[in-house]
Amino acid sequence: MRKVLFAGLCLPSALVWLIAVGMAAEPATKAVTNRGDGSRAPGIHRLPLYAEPLEPGKQGDKITKETDPALPFSMRGTCSECHVYKHDYDVIRKGWHFNASDPNVPPGRPGPPWIYTDVTMGTQIPLSYRAWPGTFRPEQVGLTPFQFTQLFGRQMPGGGPGEVDTDADDEITRQMVSGKLEINCLSCHNRDPGHDQAEYAAQIAKQSFRWAATASAPFASVSGSAKEMDDTFDHLMPDMVMDEKKKPLIPTVTYQPQAFNHKDEVFFNVSGKIPADRCYFCHSDINASQCGSEKWEADEDVHLTAGLTCVDCHREGLEHNTIRGYEGEVNSNVLAASTSCKGCHIGDENGRAPHAGRLGAPVPAHKGIPAVHFDRLSCTACHSGPWPGATTDLCKTSQAHGLGTHGINKSPTALPHVLYPVFAKQAPVDSQEADPKPGKIAPHKLIWPAFWGTIGAEDKVSPLKLDTVKKVVGPALQGLKFTAAGAWAEIKEEQVLAALKTLAGSVEEGKPVYVTGGTLYRLKDDGTLSIHQDHPAAAAYTWPLAHNVRPAAQSLGVGKCTVCHSTGAPFFFGEVAVDSPIAAVSNLTKAQYQFQQAPYGRTWAFAMSFVFRPWFKVVAIGSAALLAVVLLLYGLRALGAVARVLAEQEK
Amino acid sequence: MGFGMFQTVADIAFVMTFLGVAAHWVLVPTRKPRNVVQGAVHVFSLLLIEQRTSLLGALKKLAYLLSLVCFVVLAITGFWPLLVRGEHISGYLMMIHATFAPIFALCLAVIAVTWAGENRFTAEDCPWVRRLLRRATRLQVPAEEKPCACAVVGYKATFWLLLFLALPLILSIVISMFPLLGTDWQHHTAAIHRWTGLAFAVIAILHTYLAIRLRMTREV
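Protein chains in written order, with the working numbering: chain A, 1 to 651; chain B, 1001 to 1220.
Among the hints, a few may not be true.
[What the hints assert, rightly or not] Here are the computed distance ranges between Cβ atoms for each label pair:
id, chain 1, residue 1, chain 2, residue 2, range
1, A, Thr562, B, Val1153, 46 to 52 Å
2, B, Val1084, A, Thr305, 24 to 30 Å
3, B, Val1084, A, Ser506, 32 to 38 Å
4, A, Ala131, B, Leu1019, 51 to 57 Å
5, A, Ser293, B, Val1084, 16 to 22 Å
[Claimed, not checked] Below, computed lysine to any residue pairings styled on SDA-like, alpha-carbon distance capped at 25 Å:
id, chain 1, residue 1, chain 2, residue 2
6, A, Lys617, B, Leu1055
7, B, Lys1060, A, Lys524
8, A, Lys273, A, Ala539
Since the hints were made in silico from the structure, they are not lab data. Ideal placement from N, C-alpha and C gives every residue a C-beta, glycine not left out.
Just chain B, same shape as in the assembly:
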């Protein structure tokens, strides 16, 4: 798919994502509604390392927040020239992008190691999956009649998706730096980087939204 197609799809994807998040925020209010000031203070507190956490906790938080900052920088530097100026990334934007990229990759690796455990799917996450399995396979899968914690499932799913997409996102650009691939494959790897970058950005926005939302309702 060509450059024009990517621009169109990316525009639609970002608009849909932000509209979806806004609609969800309005239509499905948090269980413990706060007023605007309280909510803003709470979200802002996410940017600060909690003093009560251990050194590992601080590292986890630092990696998470740093990756968030890197993500914002990478998304702006990566998508701005493509979607706004209609040209490939170059010049200072390229340099900023390439500077933040390895930091982001490192943060993702730290997050993967330190956050993977608590983002494992558990039996309680999706009761409806168990019920479906029991009906479909006739296995004696225990299934409780609890309501589904969709936000938690979404949060975990987006976490794993991000880790999964990070692999082609990183490798597509690193491999192209070695004298391994010819011109056609250079185009392919650039396309892979673009498309996985788009998917990654959309999922990262959803993940961040869910993280904030769960944090506000103290579910995570």
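Isolated chain A, as found in the complex:
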């Protein structure tokens, strides 16, 4: 009886214990496997290659050197062999570099837009899937995710719009031909000097999305173009292409046989320690006004020359929730709050451990700089971007101009025209407050949107679809004189009037407008042109710049206050060029203080007061000295009186 009772108690307990251990053990083991074990030694990636799966959720076919036809490898399939825990790919695709098209992701501080330019239509328009005020969503100009990817995927690491299932009837079969643009892990993680991101960009332009990652790898090459294939093309059966003219254009992969080892594995020289060169492909910029396209003339960011890399500050884990690095950033990344300029250079005085001086960051003394500067200015205002001049410079960036890709226009004046530095007040971001405080003044890049659109209720302007513009406006803009430099071709106001008249018969809602250089052109009821300068709907789009950071010895205000506080100081009174294909508009200028929401009179008077500052100092110090002498003199006399009384008592 006692044995039965004992067994009756023990058996259920053992069963519960076994189940508990079983439940705990599996995720724990896999979590450790996929998160690394903490070793700083780089993991070696010798991996079998896998093709795109034929069914969702399944692994694709293994690719060997004998596979015929050679298939492009799928990054998702190849990397997921190890990164399967919690479906890592699906975790990664929610990271900052891939989540732009997810409407549930907070947009954060305004960043660089994708800029659609068309010199023939007088168009340069900032686009973004993120809800940054001043940008337009691609679908507003009629760009589907598929088209957007083909245009701008060149400087994306894949994913995002590249993986969206198209719902446009005419694109469904095209997407089957091109494949989806999976996240290309190699875009960032490949440390191999043979990695060819420009070839990746070229494949995207050819709609060869499925082949793009393979083309970028150093052990493979891709020829052909998916764009040239018919809608019936099947990459698994290229022999079915019967058109002799198209056969040489069939997307074809060639792997280097020696890349495969005896287990048909390929060595990927990938690492989490991403070299800056990888980041540069999408995040380069150059001062086109000063250096043209000669990068050797421009210094690198001081952090890079000090030996850091981008990812030392812009850190992320497997979630790829990259730290953007601005003050007040809201990010699930545990290091976000402590990884900004201030986080490393000044630290948190109330922190658990000292942060100042992280990674060897010098702790600034800021001698003689009134503390109010740190309330009003971002660190970058004094330390980043080009030294401000009498007028803004033209800047070319990877994302705007496709730097680093094949066949781009290298002219300094090629569209789009991005201007910098513009010292503007930052919009409040990531604030949970109902009435957030205005942001600090920071250096920005700027673009003056130029586009054809319609104006509706409450003066809200929406851009017209690009196809409509080409069809309707195109004939009115015949005869524009284009230059090889890729700059604006001048548009006359009469041409704008003609185009607006043509558009008036085509648009269904609102009245047609042309926006350029902060000016809004619209058609009056009497058929003449209404010109509205500084229209809010035509305002420039600005986004803060953080790099290149200059050395402390080259920071604004170094040595003297009058670098900024004088009536001719570029920081306040420098010109911000107004960019437009219309001469009457491009001749206009703005001043920096206008972007700081500062009135001219007060700004000028304050600057002027610095003329008298040396006198102020002399008078104040002289007066203080005189006061000190009087106090000392009468203090001594009082002491003498006391001494005299005491001496008399002695007598």
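For chain A, the structure is supplied; the task is to place chain B on it using the hints.
Just chain B, lined up with the frame of chain A:
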């Protein structure tokens, strides 16, 4: 101490000062009471340079009145944004403040040189101090049984206090203009300027009140 603490202390200090002055005015009437009209005319006459005085006298008076005007401007421009708007001084207020500040400093220096002599403490100012000294030290300090002229003592004491406080008040802001102090010390000097400014303002109000009061009773 933080910004909020300063606002609270400053509010209390100003309210207490004005209430104290009002209470004193009511509870301790002047020895030669005048009617309201006469009193007002007399106080207003303080703003005019007496024609009978010498050039030095005129300079003294001018410096005194100018410093009074500067004090009012500096106090308003300095404390208004802090106490009413809850923000640091900036913009036009800052410019006005910085314009009047050196004039004020110069006036204070002139006042220190020209008024120090007649504001020396004398044996007659505080008989009770002498009596206290005699008892405490057993020294043969002569002590008369005259009543204490407290208003005069207060007037002189506030004069010297003002001169003394003017030093950190001026230097705290001037030193911060030179590339000598880092950010922490910039905060400290700003705090020193704020707190000494508050003490200076309270004492200046008391000093002015005593000056008017003594003037009305012809004790000064």
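Each hint, compared with the structure:
1. In this structure the hint that Thr562/A and Val1153/B lie 46 to 52 Å apart at CB holds, the actual value being about 49 Å.
2. Distance hint check: the CB atoms of Val1084/B and Thr305/A are about 49 Å apart, inconsistent with the given range 24 to 30 Å.
3. One distance hint, 32 to 38 Å for the beta-carbon pair Val1084/B and Ser506/A, is violated here, with the actual separation near 57 Å.
4. A hinted range of 51 to 57 Å holds for the C-beta pair Ala131/A and Leu1019/B, which are about 55 Å apart.
5. At about 55 Å, the beta-carbon gap between Ser293/A and Val1084/B misses the expected band of 16 to 22 Å.
6. For the given pair, Lys617/A sits about 29 Å from Leu1055/B by alpha-carbon distance, which is inconsistent with the 25 Å threshold.
7. Between Lys1060/B and Lys524/A the CA atoms are separated by roughly 71 Å; this puts the pair beyond 25 Å, and the hint is violated.
8. Between the alpha carbons of Lys273/A and Ala539/A the distance comes to roughly 40 Å, so the proposed pair goes past 25 Å and is violated.
Consistency note: the structure conflicts with the earlier hints numbered 2, 3, 5, 6, 7 and 8.
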